[in-house]
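Could you slot chain B onto chain A? The hints should help.
There are 2 protein chains.
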Amino acid sequence: MTESITDRLNYYRDRVDKALLQHLPDTEHTGTTLEAAMQYATLNGGKRIRPVLVYATGKALGADPDVLDVPACAIEYMHAYSLVHDDLPSMDDDDLRRGNPTCHIKYGEATAILAGDALQALAFTTLAISLKDKLDPSVIINMMDELGRASGIEGMAAGQAIDLQAVGQTLNLEQLEAMHRCKTGALIKASVVLGATCAHVTDDALVANLRTYGDAIGLSFQIVDDILDVVGDTEILGKTQGADIALNKPTFPSIMGLDGARAHAHQQRDRALAALENYGVEFDELRDLASYIVSRSH
Amino acid sequence: MTESITDRLNYYRDRVDKALLQHLPDTEHTGTTLEAAMQYATLNGGKRIRPVLVYATGKALGADPDVLDVPACAIEYMHAYSLVHDDLPSMDDDDLRRGNPTCHIKYGEATAILAGDALQALAFTTLAISLKDKLDPSVIINMMDELGRASGIEGMAAGQAIDLQAVGQTLNLEQLEAMHRCKTGALIKASVVLGATCAHVTDDALVANLRTYGDAIGLSFQIVDDILDVVGDTEILGKTQGADIALNKPTFPSIMGLDGARAHAHQQRDRALAALENYGVEFDELRDLASYIVSRSH
Chain A
413 MTESITDRLN YYRDRVDKAL LQHLPDTEHT GTTLEAAMQY ATLNGGKRIR PVLVYATGKA
473 LGADPDVLDV PACAIEYMHA YSLVHDDLPS MDDDDLRRGN PTCHIKYGEA TAILAGDALQ
533 ALAFTTLAIS LKDKLDPSVI INMMDELGRA SGIEGMAAGQ AIDLQAVGQT LNLEQLEAMH
593 RCKTGALIKA SVVLGATCAH VTDDALVANL RTYGDAIGLS FQIVDDILDV VGDTEILGKT
653 QGADIALNKP TFPSIMGLDG ARAHAHQQRD RALAALENYG VEFDELRDLA SYIVSRSH
Chain B
413 MTESITDRLN YYRDRVDKAL LQHLPDTEHT GTTLEAAMQY ATLNGGKRIR PVLVYATGKA
473 LGADPDVLDV PACAIEYMHA YSLVHDDLPS MDDDDLRRGN PTCHIKYGEA TAILAGDALQ
533 ALAFTTLAIS LKDKLDPSVI INMMDELGRA SGIEGMAAGQ AIDLQAVGQT LNLEQLEAMH
593 RCKTGALIKA SVVLGATCAH VTDDALVANL RTYGDAIGLS FQIVDDILDV VGDTEILGKT
653 QGADIALNKP TFPSIMGLDG ARAHAHQQRD RALAALENYG VEFDELRDLA SYIVSRSH
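These protein sequence lines are chains A and B, in that order.
Take the position in the first sequence, starting the count at 1, then add 412; the result is the number in the working numbering.
Take the position in the second sequence, starting the count at 1, then add 412; the result is the number in the working numbering.
Next up, chain A with everything else stripped away, as it sits in the complex (with noise of 0.2 Å):
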């Protein structure tokens, strides 16, 4: 019997949940909150779509389960900073995230800076320390480099720049786009790659394939993401709907309409499709992946 896409992602929720836990610090440790902070941050009942995408492709490939927990774990205490930052009142200044309050709400404003500050070293720490047996030296090296590039200037930061800059702007599709593939584009592409490293993959093609695939499934997670703004129930999302607009930000409904962003999210699906067209069978979890991310209603 095939277990459908929505078992598998609950499967993978499952074991990242439990893995993000062995790395995060006791709450007892420096005997301020930061440490509740960072739990808080993390384990949140996200949708852990960046883990997801690390196991399954790994998966795919053959790799190690028990190796893919730590990029998995590394990327998504990646991701759980870079929410916690963006929500700041100087940023996009949400009140809530997943039906909570955000952290700085829960916890202040500097602690909640620095949970988010310490969820990046531990993304760096886990990564360094915790494959040390398991995998070449060097491959953990370009694991650490490629998760840094997606975070930093290259990524997630600049991004994230470029978004607070284009509030009340003018964005063409192209810039629009640009700025999502460094925003959430870069560390989605990255989860995908980090799932093949761990598979020592060193055929090219494939991997270029995959980073294509990664790009064309990030910048449909996000049409998605614009789309359920407009249209989504605030309950069901667990966010305030509606914060995009109110903010005057450019999103892909406001610049193609709904019926067109629409069509963007299946032609960024069919994209990723056809970089997979050429594997079996084994590739199967991340085609219905890429279907789902584009059917999801939060």
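Note that these hints are calculated values from the structure, not bench results.
Do not take every clue at face value.
As the list claims (entries may be wrong) - Within a straight-line C-alpha distance of at most 30 Å, the following computed DSSO-like cross-link-like pairs (lysine-lysine) qualify: (1) Lys546/B / Lys459/B; (2) Lys471/B / Lys544/B; (3) Lys546/A / Lys661/A; (4) Lys544/A / Lys459/B; (5) Lys544/A / Lys661/A; (6) Lys471/A / Lys459/A; (7) Lys546/A / Lys471/A; (8) Lys459/B / Lys471/B; (9) Lys471/A / Lys518/A; (10) Lys471/A / Lys661/A; (11) Lys518/B / Lys518/A; (12) Lys518/B / Lys430/B; (13) Lys544/A / Lys430/B; (14) Lys544/B / Lys546/A; (15) Lys459/B / Lys661/A; (16) Lys459/A / Lys544/A; (17) Lys471/A / Lys544/B; (18) Lys459/B / Lys544/B; (19) Lys471/B / Lys544/A; (20) Lys546/B / Lys430/B; (21) Lys544/B / Lys518/B; (22) Lys518/A / Lys459/A; (23) Lys459/B / Lys546/A; (24) Lys430/A / Lys459/A.
Claimed, not checked - Derived, one-sided and incomplete: chain A residues facing chain B with beta-carbon distance under 8 Å: (25) Leu433; (26) His497; (27) Leu500; (28) Ala522; (29) Ala540; (30) Leu576; (31) Gly580; (32) Asn584; (33) Leu685.
All residues carry an ideal CB built from backbone N, CA and C; glycine is no exception.
Relative to the frame of chain A, chain B by itself:
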């Protein structure tokens, strides 16, 4: 003719200032002010005490100066990020740093937070990619682990959280030292350790002694900082004199009095020198640094 310690400091500062510029993104990369803010936060005429320790330790042990440039830069990016975040309104709320407006005063709070975030990522990627052909990959991973632990929940971020919680509290000497060992000590110690690592040091006793040396000069550096905050001149310090008192922060002078704090700084210098007593003249620069740190006026 022996160079004075001041000449050596100036040489190392010039060297790291040139190296720091090489890894920073150029200012046109994202079309935002993020890169300018990263440069502003880093290239600010800082004392560069951490890079100096990397170079001086590596030199004592015969490391290649070109290799030492890399951890010197990585640690200084990490330090620069921590200053930007510590100065934020929700943290220490400082307007002045090294005689100039702090990063958030000049570029706004959101950009300052992102510049700090991107500098942290840059610290790790600089270490990951710049030594690939020069050091064994497992050595590089150990360096990244050391840097990460000195920066996150076991180091700098923890120390800042404890520091923020300590405002208005009475700490005893042990608690104050524990806080500073995290907040500034861990990265200063890491500077010494990374310098030694570049020289392929495998003598555990030597590494332990260097850690003691780093711990002692880290504390003496902080004690002198606290003393200068009381007796220093804002113009010479380049930051607001009396800031600790204004924030009602516990300091070494507030616990031990000025004379007690001065005596304690000298004790730490003596502890640093004692840790090096079994080693030869090649360690004289590190000895001179231990003395310089307690005698500095800014």
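Outcome of the hint check:
| no. | hint | in the structure |
| --- | --- | --- |
| 1 | Lys546/B / Lys459/B | 28 Å, holds |
| 2 | Lys471/B / Lys544/B | 21 Å, holds |
| 3 | Lys546/A / Lys661/A | 44 Å, violated |
| 4 | Lys544/A / Lys459/B | 35 Å, violated |
| 5 | Lys544/A / Lys661/A | 43 Å, violated |
| 6 | Lys471/A / Lys459/A | 19 Å, holds |
| 7 | Lys546/A / Lys471/A | 16 Å, holds |
| 8 | Lys459/B / Lys471/B | 19 Å, holds |
| 9 | Lys471/A / Lys518/A | 37 Å, violated |
| 10 | Lys471/A / Lys661/A | 37 Å, violated |
| 11 | Lys518/B / Lys518/A | 29 Å, holds |
| 12 | Lys518/B / Lys430/B | 23 Å, holds |
| 13 | Lys544/A / Lys430/B | 33 Å, violated |
| 14 | Lys544/B / Lys546/A | 20 Å, holds |
| 15 | Lys459/B / Lys661/A | 41 Å, violated |
| 16 | Lys459/A / Lys544/A | 29 Å, holds |
| 17 | Lys471/A / Lys544/B | 29 Å, holds |
| 18 | Lys459/B / Lys544/B | 29 Å, holds |
| 19 | Lys471/B / Lys544/A | 29 Å, holds |
| 20 | Lys546/B / Lys430/B | 20 Å, holds |
| 21 | Lys544/B / Lys518/B | 36 Å, violated |
| 22 | Lys518/A / Lys459/A | 21 Å, holds |
| 23 | Lys459/B / Lys546/A | 41 Å, violated |
| 24 | Lys430/A / Lys459/A | 14 Å, holds |
| 25 | Leu433 | 14 Å, violated |
| 26 | His497 | 6 Å, holds |
| 27 | Leu500 | 7 Å, holds |
| 28 | Ala522 | 4 Å, holds |
| 29 | Ala540 | 4 Å, holds |
| 30 | Leu576 | 5 Å, holds |
| 31 | Gly580 | 14 Å, violated |
| 32 | Asn584 | 14 Å, violated |
| 33 | Leu685 | 31 Å, violated |
Taken one by one, the earlier hints fail for this structure at numbers 3, 4, 5, 9, 10, 13, 15, 21, 23, 25, 31, 32, 33, listed in ascending order.
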